[in-house]
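Each chain, written out:
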Amino acid sequence: MAQIFHPSMNTVARVSIFGAVFIAAAVVSLLLLVVRSPYVTEVGVVREQPVPFSHKHHVGDVGLDCRYCHTSVENSSFAGIPPTKTCMNCHSQLFTKSAMLQPVRDSLRTGEPLKWTRVHDLPDFVYFDHSIHIHKGIACVKCHGEVNEMPLMWREHTLHMQWCLACHRRPELFVGDRNDVFAATSDSTIDPRLASDLVAEYQIESKTSCSTCHR
Amino acid sequence: MFRDRCRARRRHELLTRSVHEELDRARPSLTRRVSMGMTVLALFATFVGCWQDMADQPHFEPLETSDFFANGQAARPLVPGTVARGQLRIDTVFFEGKVRGKAVETYPLHKVAEHFRVAEQFRLSGGDERVMAQILDRGRERFDIFCAACHDRTGNGQGMVVQRGFPRPPSYHSDRLRDEPVGHFYDVITHGFGRMPDYADQISPADRWAIIAYVRALQLSQHAHVGELPALDREALQRKGGTP
Chain A
1143 MAQIFHPSMN TVARVSIFGA VFIAAAVVSL LLLVVRSPYV TEVGVVREQP
1193 VPFSHKHHVG DVGLDCRYCH TSVENSSFAG IPPTKTCMNC HSQLFTKSAM
1243 LQPVRDSLRT GEPLKWTRVH DLPDFVYFDH SIHIHKGIAC VKCHGEVNEM
1293 PLMWREHTLH MQWCLACHRR PELFVGDRND VFAATSDSTI DPRLASDLVA
1343 EYQIESKTSC STCHR
Chain B
2 MFRDRCRARR RHELLTRSVH EELDRARPSL TRRVSMGMTV LALFATFVGC
52 WQDMADQPHF EPLETSDFFA NGQAARPLVP GTVARGQLRI DTVFFEGKVR
102 GKAVETYPLH KVAEHFRVAE QFRLSGGDER VMAQILDRGR ERFDIFCAAC
152 HDRTGNGQGM VVQRGFPRPP SYHSDRLRDE PVGHFYDVIT HGFGRMPDYA
202 DQISPADRWA IIAYVRALQL SQHAHVGELP ALDREALQRK GGTP
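Heads up: the sequence lines are chains A and B, in that order. Sequential numbering of the first sequence, starting at 1143, is according to the working numbering. Sequential numbering of the second sequence, starting at 2, is according to the working numbering.
Treat the hints with care, since some could be wrong.
As the list claims (entries may be wrong) - Straight-line alpha carbon distances no greater than 25 Å define the calculated SDA-like cross-link-like pairs of lysine to any residue that follow:
| id | chain 1 | residue 1 | chain 2 | residue 2 |
| --- | --- | --- | --- | --- |
| 1 | A | K1257 | B | D145 |
| 2 | A | K1227 | B | V80 |
| 3 | A | K1227 | B | P198 |
| 4 | A | K1278 | B | L79 |
| 5 | A | K1284 | B | E62 |
| 6 | A | K1227 | B | S126 |
| 7 | A | K1278 | B | F167 |
| 8 | A | K1227 | B | P168 |
| 9 | A | K1227 | A | R1189 |
| 10 | A | K1257 | B | D176 |
| 11 | A | K1278 | B | I146 |
| 12 | A | K1278 | A | K1257 |
| 13 | A | K1284 | A | T1300 |
| 14 | A | K1284 | A | I1165 |
What the hints contain is simulated information worked out from the structure, not anything from laboratory work.
Produce the entire structure from the sequences given, and follow the hints as far as they go.
The structure is reproduced here in structure tokens:
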């Protein structure tokens, strides 16, 4: 009876047994890469919005403060998305014929709110409060990036747990002066001595207990 | 010859059919079932892993949509006339800037301070002068956030939004606005004036008063007599060659 397998199959068998380790490793690392890719984390991915609102124009060019629209950021866990009326404070007079702003005018007329797509959405099992971060001197740009340079909004950071922990472990690397929290651009290199002074002054603790965020 | 071929084919068909039937009867063999089960389980596990059920739990986040209510909002507006505990606004001086329908003339410093003391985010301390200084600081901050876009940081009415085409508001440094009582400014912030929209939703009553204090400071800054300046400032001014 003839041999079913050619002798060269010995080599193939050896290679494939040995290669299985690499194949498994490749699959695992591919999965890890996918999880960290913009496809999943949405970092740098512009979200579709009903109106192409530009932070670059409103913050960068006009110089509006974050709090003009996000009024509750200092007192609440939620920064707040402005109602249509806030847009109309200026746009009742400016760009009143612009087709881009038609959904805003429709929203004002009908009373139906604009349906913005959330850019930063933490999982529901994470507790997060904007106001405490603001009061402890963590600038907006530290998490949201330089929105004054973003014509359309995207996510600057992954919001992964290890990203949160990077700051919770060593807040002195991220803290800044409370008075500069809302500055559109923030100098990320802060004098280490000054930073540790601020950490002491604002009574910032390195909070890494599970229940800090998962409560 | 032809008939023979047909018969042979038929026999072949019968044979293969019976073989298939045999196979069918034996199909769900144990190993096969186990391997199928494993595959389904693996697929299931993969997709369950991707389905972030805990990340999106069945509760509403602020401003989330809901298909339950007609306007699509999960959050319900307050019933008109609702008064939250401790928020009854009967003090017309503080909440409307008016006494018996007339604009308040004197700045209600103690009421403003009291409201800032109650609001936890902003604590005031010290005597009247110290408190006033803190209110002014707060006022400047809020003015720069909400007012400077049109009124400009100096109050001359040439802010960035005006430069972009918004009708120019009057300068604070006109005689008319210098003579207006503080209650007038409160009324304008609360209800709007001319092209200016109201800021009642964006600025709390205490912050409105803080802004008014700062507006008064701005007015003074552009309309002070040299004689009223502290000696140091006067010297500095004279060194620069300023005229009274």
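Hint by hint, here is what the structure shows:
no.: 1; hint: A:K1257 with B:D145; result: 29 Å, violated
no.: 2; hint: A:K1227 with B:V80; result: 20 Å, holds
no.: 3; hint: A:K1227 with B:P198; result: 9 Å, holds
no.: 4; hint: A:K1278 with B:L79; result: 32 Å, violated
no.: 5; hint: A:K1284 with B:E62; result: 23 Å, holds
no.: 6; hint: A:K1227 with B:S126; result: 36 Å, violated
no.: 7; hint: A:K1278 with B:F167; result: 37 Å, violated
no.: 8; hint: A:K1227 with B:P168; result: 18 Å, holds
no.: 9; hint: A:K1227 with A:R1189; result: 23 Å, holds
no.: 10; hint: A:K1257 with B:D176; result: 46 Å, violated
no.: 11; hint: A:K1278 with B:I146; result: 20 Å, holds
no.: 12; hint: A:K1278 with A:K1257; result: 32 Å, violated
no.: 13; hint: A:K1284 with A:T1300; result: 12 Å, holds
no.: 14; hint: A:K1284 with A:I1165; result: 39 Å, violated
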